[in-house]
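> Given next are the chains, with one letter for each unit.
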Amino acid sequence: MNQEETGQSQNRKNLDQRSRNNWVSPSNPSRKNLSFINFLTHLHPRKIPGNALDITRTFGLGGMSLILILMLAFSGSAMLFFYRPLPEFAHNSISQFQDVYIFGSFIRSIHYFSANLLVIISSAHLFRVFFTQSFHGIRKFNWIIGLTILVFILLSCFTGYLLPWDQTAYWAITICLAMFEYLPVPMDTGITATTLQVFFTLHTTVIPICFLAFLPLHFWKIRKAKGIALPGRDKGVLAKTMPSLLLRELVAALSIIALVMMLSAIFKAPLGEMANPGLSPNPAKAPWYFLGFQELLLHFHPVVAAFLVPGILLVLAGFLPYKKYDSQVPAPWFSSKQGKKSGIISLVLGSLITLALILLDDFSQLTADITLAASLILVFILMGLTLVYYKVLKKKYRLSNNEGVQAIVILTISSYLTLTMICSWFRGEGMKLAGGIF
Amino acid sequence: MTADKKSASQSQEHKIPKRSFLKILWASLGFLAMAEIFVVCLSFFLPYKKKSKKASADKIITAGSVDNFKPGSVTAFTRGFFYLVHLNDGGFMAFSSRCTHLGCTLPWDDTAEQFICPCHASKFDIRGLVVNSPAPRPLDILPVKIENRMIQVDIGHKIKRKDFNPGDVVYPDQVKTGGRGT
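So the protein lines, in turn, are chains A and B. The first sequence begins at 500 in our numbering and counts up one residue at a time. The second sequence begins at 4 in our numbering and counts up one residue at a time.
Note that these hints are calculated values from the structure, not bench results. Where is the CB? At the ideal position from N, CA and C, for every residue including glycine. Don't take each hint at face value.
[Stated by the list, open to error] Distance condition first, Cα-Cα at most 27 Å in a straight line; then the derived DSS-like pairs of lysine-lysine:
#, chain 1, residue 1, chain 2, residue 2
1, B, Lys148, B, Lys165
2, A, Lys639, B, Lys26
3, A, Lys823, B, Lys26
4, A, Lys784, B, Lys163
5, B, Lys161, A, Lys784
[As the list claims (entries may be wrong)] Pairwise CB distance ranges, derived in the manner of DEER restraints:
#, chain 1, residue 1, chain 2, residue 2, range
6, B, Asp92, A, Leu916, 50 to 60 Å
7, A, Ile619, B, Leu90, 31 to 41 Å
8, B, Leu45, A, Thr911, 26 to 36 Å
9, A, Pro769, B, Arg82, 26 to 36 Å
10, B, Asp92, A, Ile708, 17 to 27 Å
[Unchecked claim] Far from chain B, by Cβ distances over 12 Å, these chain A residues were calculated:
#, residue
11, His635
12, Leu676
13, Met686
14, Phe718
15, Pro780
16, Tyr824
Could you put together the complete structure from these sequences and hints?
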């Protein structure tokens, strides 16, 4: 009663004082108005479950992805003052920017390393969400939003890849676009000045707008789901966001910024010779994140390797949260001991079988001149065998279907990584297998 | 009373399928709207095909006089991305220099007398036909016109083909122009 009275009189007497302090709490009555921290604390909940502070739960991958996107926005904006999106001027404008302007090389390197790290870290974030079973319940649609963001990231990397207009860029994009000529739609996919301008506008305007729309949506959905997904009923003692969570986020942010800065200070982003449409380099390879599919191209018909397989993978990835699972709650990493065991087996098997098939095909030339029909049959056989593997593994290790699906996902990832490594390091002239190119 | 209750429950059962039907209807209309927006956005990038004289004139390259090219010769025109071939029987053909596999630019190998692709080793003979895979089809041809012994190649119309057609070859003394493109 007494407190109420004093509280009320405090209200009226110290109105001025209170209005000056925006972040006043019972434990910090003298907090000053700190706008940026205010902004951050406003975006977060006041308190979070103690277990959410555990760095091994998420490794801050999502936050790092956001930081990388911000760094790409800033470094990209800086370069926009100098880059000229025309075939005659593009290459020159970049080499000028790198060599003549202070921090030119540094800024370009930041952009280059941020972009490549972003592909890796956002994929790692996707894997983290999957392997901690953080996609059930109300988080299902946010998985779809996240996948969409990943597509934007890959599109952004792809369109940006052409802009330097050097030999690497020109021919990598030439062979990627040439895939579309295999579709039953009449088109000419040669790279022209129009292509460069379209890619430039997509890269600097359209895709950034897509990020601006989807990123806040992605974060808001997480707030609605009450933060990161945690396993178990007991989620730890409630902790204050400021300072506990914000400090950890700051550490994660500074770590990734430091990594990018170090790489950018030491290494210069590559810029090859200006594009020469009359001279194709041997070999001509796609950007590294597409090399897995380029390897598939050497074994399957282009429609299958470039459209069907990536398409199926994307659609299946989208359906992952919507399967009827035995467990519909967040879980520890890889769910359980059997989850880990079956995961490791799938990792090893995926790599070995992929490698074996590649070597077999190289030796026997079985898939040389492979037709569309034969490629389709082969793909369906492989999918069938995967299904069989799923059932056998599930029975042998008594897995829940969560763990079963997890094993198949690990199998797919390790296969794709193997394909990527082979195509990247072990294919040389004429895309023939060679003894290691580093 | 019971009659009322029965009709009430019956009308309840009718409501549920009706609601999901409407939901499906809305969803389909929404999907159609999205598809329409997508098509409009794509068409935004495709210009109307106005056949202005200037536009087509830009795309015709005068390769030179018939006498400039020896029989059996293969001449590269980097500006137009094509090769002009003078066959041994006197006929001319023009091919796009893009490999039909994945678009790499083909060099002509004089000793092997073949176009050999540096990317995946596709090979084409002097008539642009596939000698070695992974190329899926022969080289695209460009319409050739010979007027007063001057060779003109239209690089605006690339023609895809599956095999060799004698009509593709243009001879200097022909009255009508050759190929499927004209």
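> With reference to the structure, classify each hint as holding or not holding.
To see whether the hints hold, each was checked on the structure:
1. B/Lys148 / B/Lys165: It holds: about 22 Å lies between the C-alpha atoms, which stays within 27 Å.
2. A/Lys639 / B/Lys26: Within the cut-off at roughly 21 Å; holds.
3. A/Lys823 / B/Lys26: Roughly 23 Å between the alpha carbons, so the hint for A/Lys823 and B/Lys26 holds.
4. A/Lys784 / B/Lys163: 25 Å, holds
5. B/Lys161 / A/Lys784: 26 Å, holds
6. B/Asp92 / A/Leu916: 50 to 60 Å: Since the Cβ atoms of B/Asp92 and A/Leu916 sit about 54 Å apart, the hinted range of 50 to 60 Å holds.
7. A/Ile619 / B/Leu90: 31 to 41 Å: Given a distance of about 53 Å, which is not inside 31 to 41 Å, the answer is violated.
8. B/Leu45 / A/Thr911: 26 to 36 Å: 31 Å, holds
9. A/Pro769 / B/Arg82: 26 to 36 Å: 29 Å, holds
10. B/Asp92 / A/Ile708: 17 to 27 Å: 59 Å, violated
11. His635: 24 Å, holds
12. Leu676: 7 Å, violated
13. Met686: 10 Å, violated
14. Phe718: Holds, because the least Cβ-Cβ distance between A/Phe718 and chain B comes to about 25 Å, which exceeds 12 Å.
15. Pro780: 7 Å, violated
16. Tyr824: 25 Å, holds
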